[in-house]
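K.L.:
Generate coordinates for the entire structure from the input sequences, incorporating the hints supplied.
According to full-length UniProt numbering, numbering within the sequence shown proceeds without interruption in unit steps and concludes at 655.
The hints are simulated quantities; they were obtained by calculation from the structure and are not laboratory data.
All values derive from a computational prediction rather than experimental measurement.
Check each hint, because a few of them may be wrong.
[What the hints assert, rightly or not] Calculated pairs, DSSO-like style, for lysine-lysine (alpha carbon to alpha carbon, straight line, at most 27 Å): (1) LYS196 / LYS129; (2) LYS189 / LYS91; (3) LYS393 / LYS517; (4) LYS360 / LYS409; (5) LYS374 / LYS347; (6) LYS374 / LYS401; (7) LYS401 / LYS430; (8) LYS183 / LYS211; (9) LYS198 / LYS395; (10) LYS554 / LYS622; (11) LYS372 / LYS211; (12) LYS330 / LYS430; (13) LYS372 / LYS430.
[To be verified] Pair by pair, the computed Cβ-Cβ distance ranges are: (14) TYR334 / ASN58: 29 to 35 Å; (15) THR210 / PHE541: 44 to 50 Å; (16) LYS189 / THR433: 16 to 22 Å.
Beta carbons are placed, not taken as given, at the ideal position from N, Cα and C, and that holds for glycine.
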Amino acid sequence: MAICNFKTSHSNLLLLCFFIISFFFFYTSSFTTALSFNFNSFSPSDNRIIYEGDSAVNYQAIQLTANQTDKPLTGSIGRATYHAPLWLWDKRTGIVTDFNTHFSFVINSLNNAAYGDGMAFFMAPQGSKIPARLKHGSTLGLTSDGEELNSTSNPFVAIEFDIFRDNWDPPYDHVGIDANSMKSVKNEKWWSDIRKGKLNDAWISYNSSTKSLSVVFTGIVDNLPVEQSFDYALDLRLYLPEWVIFGFTGATGNATAIHTICSWDFTSTLEDDKMQHWTVDVCLGYGLVVLLFILIGIIGLHEGNSKVREDESFTAQLTEQEFETATGAKMMSYGELDSATNNFDEKNKLGEGGFSAVYKGFLMFKYIAVKKFKRVSIHGLKYYASEVMITGKLKHENLIKLIGWCYEKEQLLLVFEYMPNLSLDYHLFKGTTLLKWVERYKIALGLASALHYMHQGCERCVLHRDIKSSNVLLDSNFNAKLADFGLARLVNHDAKSQTLEGWTNGYEAPECHQTGKSSKMSDVYSFGVVALEIACGRRAFVQMDDGNHERLVKWVWDHCERGNLLDAADRRLCGNFDENQMTRLMMVGLWCAHPGFSHRPSAGEALEVLKFNDLPPNLPSKFPEARYAPASAGPSFSSLLSNVPTNFSTAKSLL
1 MAICNFKTSH SNLLLLCFFI ISFFFFYTSS FTTALSFNFN SFSPSDNRII YEGDSAVNYQ
61 AIQLTANQTD KPLTGSIGRA TYHAPLWLWD KRTGIVTDFN THFSFVINSL NNAAYGDGMA
121 FFMAPQGSKI PARLKHGSTL GLTSDGEELN STSNPFVAIE FDIFRDNWDP PYDHVGIDAN
181 SMKSVKNEKW WSDIRKGKLN DAWISYNSST KSLSVVFTGI VDNLPVEQSF DYALDLRLYL
241 PEWVIFGFTG ATGNATAIHT ICSWDFTSTL EDDKMQHWTV DVCLGYGLVV LLFILIGIIG
301 LHEGNSKVRE DESFTAQLTE QEFETATGAK MMSYGELDSA TNNFDEKNKL GEGGFSAVYK
361 GFLMFKYIAV KKFKRVSIHG LKYYASEVMI TGKLKHENLI KLIGWCYEKE QLLLVFEYMP
421 NLSLDYHLFK GTTLLKWVER YKIALGLASA LHYMHQGCER CVLHRDIKSS NVLLDSNFNA
481 KLADFGLARL VNHDAKSQTL EGWTNGYEAP ECHQTGKSSK MSDVYSFGVV ALEIACGRRA
541 FVQMDDGNHE RLVKWVWDHC ERGNLLDAAD RRLCGNFDEN QMTRLMMVGL WCAHPGFSHR
601 PSAGEALEVL KFNDLPPNLP SKFPEARYAP ASAGPSFSSL LSNVPTNFST AKSLL
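P.N.:
Quick look at the structure:
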């Protein structure tokens, strides 16, 4: 009976806490005003959009400039703005709104090589109209002729999608941030495909606390969509009044294109009378904290006499103690990640491994990659904890960035930045497009730099223990991002080895079979194999028709023995590569993948050779046999050069 009464009391208290907390959230949210809308399509009868100039609705989309059926396409200007003004900032308190907007659009030159001028998302003072007597499309309908670089009479802030080169523009199509001037304060080259009129997306957001204006947009490379982004610190109060109009503007000059907005959504939030109600907010905040402690106490009392399972105890310890120390990542709810991935739709699956699957998602106006672990177990928790603790602390441009984590509903999830160009493995062995040599060498340099940072640039050495081409991801500019730290371990810099829990055929160092241990040198070996994959376009491990297998390292070494190293280069490149770089990359790959761990370089030494800051290595005349012993640091670069013979004069002559 006592137990039944406790459960009833427990349920009532939980219900009471729920209502009180719900009231707090409702009460605090009442101080917030917001402007929000979503147009999946447009209708001529919808008076929420105001049209100026040549803009109009056509086929459920907004045509900012004249199309081929209206009139001549040259000299066309149009605006489309939301009917209600936006309260941008509060003059009394100085508080600025945050806002987010997303729109899909098409700029189509109808296959003409000469096109112009572009379009922009803009904000301007309430009552602003298209400037009179415009003769050119270069201002995109934002400012008068002659005031292109100093628009004091027509102030504005805009994100331009500029496809025509004016005197003040960079020599390429670009996306830029403009503030009272058509000369962008910051711009990024846009990989547009104007002649084919591809659909693009843009996400623009403003963070008032950091004054950061962030722009994310898509482009087209080799007929595949890519995502680009940049941001800029801009205090909107210096350029715009409290109330503004906002929307789109587009223009053409002598060169033309059709500018179309296909969809648009927008959300802003400005906390009303924030300074007046700060005491109320603080009190409510403290009250909420107290209630949460009560809730935790109730749950703790209820569970106090229950035996805690090992995996639950381990998870609680990680959540409360370790995960909070992981920098740069925040806790996310399962619901928002489920929604972001469309209920983890199979269509959004980017890849799958033994312990997890990765899904593409869309959250907070940008794409994300969500790694969902398949099962909760002590082993799975170790992988999960390793990724959070290690990835969260590493800060390097060639390492994947951890955004968030979630442990809810017995689900383990990690959230990473999305890599639009997938993986190195995909482009080398699965994709339909050829990875160019310039991109390949940049990837090799980036991967070497990341490995050097992990081994030498951190307070404690990080052993990755699973370096392979499928774990090398590529961003929109084909920069390498080493990922998947589930097997990674933190060790002291003078540590010799760690027990190895798993490896992938072709990438594992020979000594790992014998000793079952991993070290810096086994990481270097795996990097060497990936370097050879980049150069040769062949997999690390190939199963032959006769049942035997062929390792890439041995195959390349055979070419070296015959003095025809360059014959091992990827034939799909058709010789379109720098021979010095190709030779150096393959020699460094063989050096790093030397069967004897003591003859391998450090990651830093390999990087210096790839950067042409040091001489290439001397290598044995024949494929060397591995000698197994406990792993340790290799010899110095200079001693390796002086003590090991070589007969690769043909290869070295190219250097």
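K.L.:
With reference to the structure, classify each hint as holding or not holding.
P.N.:
Now for the hints, and whether the structure bears them out:
1. Distance hint between LYS196 and LYS129 is unfulfilled; the C-alpha atoms sit about 32 Å from each other, more than 27 Å.
2. This hinted pair does not check out: LYS189 and LYS91 have alpha carbons roughly 36 Å apart, beyond 27 Å.
3. Pair hint LYS393 plus LYS517 holds up; C-alpha atoms about 24 Å apart against a cutoff of 27 Å.
4. Our distance criterion of 27 Å between C-alpha atoms is met by LYS360 and LYS409, whose separation comes to about 20 Å.
5. Between the alpha carbons of LYS374 and LYS347 the distance comes to roughly 17 Å, so the proposed pair stays at or under 27 Å and holds.
6. Pair hint LYS374 plus LYS401 holds up; C-alpha atoms about 22 Å apart against a cutoff of 27 Å.
7. Simply put, LYS401 and LYS430 have alpha-carbon atoms about 25 Å apart, close enough for the 27 Å limit, and the pair holds.
8. Taking the CA atoms of LYS183 and LYS211, the gap is about 20 Å. The hint holds against a cut of 27 Å.
9. Simply put, LYS198 and LYS395 have alpha-carbon atoms about 36 Å apart, too far for the 27 Å limit, and the pair is violated.
10. At roughly 10 Å between alpha-carbon atoms, LYS554 and LYS622 fall within 27 Å of each other, so this suggested pair holds.
11. Restraint check for LYS372 and LYS211: not satisfied, since their Cα atoms lie roughly 34 Å apart, outside the 27 Å limit.
12. Straight-line distance between C-alpha atoms of LYS330 and LYS430 comes to about 34 Å, which puts the hinted pair past the 27 Å bound.
13. Of the supplied pair hints, the one linking LYS372 and LYS430 holds, its CA atoms being roughly 24 Å apart against a limit of 27 Å.
14. A beta carbon spacing of about 42 Å between TYR334 and ASN58 contradicts the range 29 to 35 Å that was offered as a hint.
15. The hint said 44 to 50 Å for the Cβ distance between THR210 and PHE541, and at roughly 47 Å that hint holds.
16. Separated by about 19 Å at the C-beta atoms, LYS189 and THR433 satisfy the suggested range of 16 to 22 Å.
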